[in-house]
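Visitor: Kindly produce the complete structure, drawing on both the sequences and the hints.
Counting the sequence shown from 1 gives a position; this note's numbering is that position plus 33.
Worth double-checking, as some hints may not be accurate.
What the hints assert, rightly or not - What follows is a list of derived Cβ distance ranges for each label pair: (1) ALA538 - GLN627: 23 to 33 Å; (2) THR771 - THR524: 51 to 61 Å; (3) GLN702 - GLU540: 45 to 55 Å; (4) GLN712 - ASP367: 37 to 47 Å; (5) GLU165 - ALA291: 50 to 60 Å; (6) LYS715 - GLY328: 19 to 29 Å; (7) GLY330 - GLN201: 38 to 48 Å.
I should point out that these hints are in silico values taken from the structure, not numbers from a laboratory. Every value quoted in this text rests on a predicted model; they were computed, and no experiment measured them. No residue lacks a Cβ here, since even glycine has one placed at the ideal position from N, Cα and C.
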Amino acid sequence: MNRPLHVFAVAEANLVMVAPGFLVHYARTPDLGASLPLSNWMRLLTGGTVVQPALQASQAERENEMVGSPALIIPEFPLTDQKPFFKRLMKRVRFLASEALTAQGARTERQRRDVLATKAEVFKTLDKIAEEKGCSILVQLMCHYVRALLRTDESVSPALQQKIRNLQHLELLLPYATDIPNPESLDSDEWQSIYETVVSGFPGNGGALRQTLSEWHEFLHRYYGMPRIPMEEGSGYGVDAAILTPLEYHRAKSFLLARADDELAGIQLALLIMGFRCGLRRTECWARQYGDFHGLGDPTVNDPELLVRPTKIAGVKSDAAIRRLPLRLLLTGDELEWLTGFVNGRKLRRANDEARDALFEDPVSGTFRIQEKWAFDGLTALLRSVSGDENIRFHHLRHSFATLTLLRLLERKPFDLLPETWVRSNDVELMPAVHGSGNTVNAGVANAWRPLSQLAQWMGHSSERVTLKSYTHLLDLALRQYLLSDDRSYTIAQQQALLDKTSGALERFRHRSQLKDRVTPGIILAAVARIPAKGLMALPKISDKKKELPPVVNRVAEDINPLLPYRVSCQVFIRTQAQLHEPLPVALEKTAAQLDLDLPIVQQWYERSALLMNSSTGMTGTPSPTRKLGIRLSFSLRPKSELANTELYKAFTLIFRAPELPTYISPPQSKSAFQECMQFFKWLSDWMAEDPESGRRALIAAAESVQRSKAPLRPLGRSRQIAFMALMKKFRLGARATITLTVKEENRKAALKFWGQSLGVAQNAIIIRPAEDIRIPKHGNVSFDWKAPHKLGKYLWPTIRFVVFTGCVLYDAVPESFRDGSFDADTLDDESEKGAVPG
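Guide: Next comes the structure, spelled out in structure tokens:
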């Protein structure tokens, strides 16, 4: 009766068992992994060229939407300074916004009429600015954009007022006024290059800037027919799914190799390799310097790398865009050899050996004799010629890199996902021979069971979702290959979940079916199995067995999200509440399946976080107003009675309104503080890789320094103070400490020397306070007072507490005294001087 539903349930369970977690997520989510258009598929599968003319729909759309588009006046060159025009524009528009804000709650009709009158004056000012001599095309477009915005909202609502305030971001486009002699002078790649350069040089998050640029470009598209540009982050207007096939890349490369003696062709070949093989953006390619090719051509370096980082030519789009790319893994042998010769050949022609010189500058004159536009225009024309697609752009090479590299990382054996014709043709190597993630692990650059995270790191994305949603276009092919693989086998646990049988029932079924091997091939199981009478209530999490982390973790892989332990506690809390009321072991198991983690790791994280949240001083004796038993030491600043009543808001994220759980403290509730928090995790991870013992010692000292009623961490005892200062210096906060030393006058010199060396600070930076208590030890007592950076402000200590808490969970740095409740912070003041040496 419900047979089709049962079939679907079995099919979905099978999908979860055979495919990686993100492919299952792709199958369930419609907006992930946009597939290639039909013409691109035909080129990829046949190896031929399918002529794809330029999109004509945009012309018809332009005819319909450009009705009434304001005319533009071509100015005389050279242009004058455009900032005065822009400032006058913004002054009038801001005045309108402030007047609208004042009249927002007004009940009189007069004030509303005043707003409309001011709006009419703004229109006149916009016309006057646009018609003035020397006003560039870009500023004229901005005037017409403001006019279009004001026409959409007669009353100048709060939403429009916010857009008016964000218009200030358009000032960053003014340096490019000379590059826009008319609206159609720039193609899609050039517009995208300008926007990426503007975003990369913007201090701060840049979310409002990206949104403003997105809305501005949509105006250009609708009114002046500019091609749309999908934004990687932000609202965007769809994914531009297109790739250059390996065979087409080989054709373009062969064409340029035959002309490599020509300087322009050599530059274009280097750009082609960096775009297709390394996934660099256009601005990232052109901004590379000699020093960015680390170890290239050096016989002592086995694994040369390409460093993507800010340079004097251009910045980077975000902090995540700073990355290292392993050239030996990503390039073929002949490409690595050619690139080595190209870079070193240009080096030898230079008068000096300056690593910060731009690669594409003329080695003799030090100027860009070949302009960026010339190089990329010619290369784009070549790409369109070899592919037959008139819409392909340089940015599509980045899509090609992401799409093909993900398949390489997922492969378990040669030609498992990438057909042999894509890898080599007529003994020509089209793709690097490396397949699968095992080789990348051996090279020390990846984690075997995190291919998507590794790809996102190579792409310079802060989120795997951006990579999955906008850049990977062959997930349907990968999913098909996984589902059609004929060597699939199931363990006992997998068979039990798939057939919906208890352990005893499965054993009886296997005995009747004469199944002897514990791991049974799927084709044998399908021949004897029946569809279960009930649908599958829960999907099992099955994946390749991953190595369990040792009890003392030397290092957590860089691609593990530091927020995962919090998400574990959050999911377990949800599952153990009244609505589901699952037992803790079941909740942990389902959480591991949901987050695609190993169950032992989830169990360890949950146990450590529970120990930290429930820790106390373990003090005994008679309580007093200044001495409360067992509650001084706790990461939570909430009363225990409130922790029992934790509620999950309907619309919380991992930043805003994220609740404090009975087993985990909440992340810092500020966007800038959260960004600093993630940077602290990166520095902590680097430290744990270099010196795990010192890192764990500092985390333990910080965990033992929390106060129950106050947010600041207060380390007591010399060894803890030294270790805690080492941790804060790793977070780049050491210079923000005011250090006060209480010491007897006769011991002052020795104490200053001891603490200066132990804390790694100058002696004259330590404030001396004479000791009045005769029990002060020889080297005195030290106290810290910390000044918060402006990005953290009042969130300094919530951020530090969250980083320390999560570090203790990830790196198994829970103090032993927390486990038995023997820790007593009050006994640390009189710690003996034995062992008090620099940490």
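Visitor: For every hint, state whether the structure bears it out.
Guide: Status of each hint after checking the structure:
1. Between ALA538 and GLN627 the beta carbon distance is about 26 Å. The supplied range of 23 to 33 Å therefore holds.
2. THR771 and THR524 have their C-beta atoms about 59 Å apart, which keeps the hinted 51 to 61 Å range intact.
3. Checking the proposed 45 to 55 Å range against GLN702 and GLU540 shows it holds: the Cβ atoms sit about 52 Å from each other.
4. Against the hinted window of 37 to 47 Å, the Cβ-Cβ separation of GLN712 and ASP367 comes to about 39 Å, which satisfies the hint.
5. Separated by about 52 Å at the C-beta atoms, GLU165 and ALA291 satisfy the suggested range of 50 to 60 Å.
6. The hinted window of 19 to 29 Å between LYS715 and GLY328 holds, with their beta carbons roughly 23 Å apart.
7. The hinted window of 38 to 48 Å between GLY330 and GLN201 holds, with their beta carbons roughly 47 Å apart.
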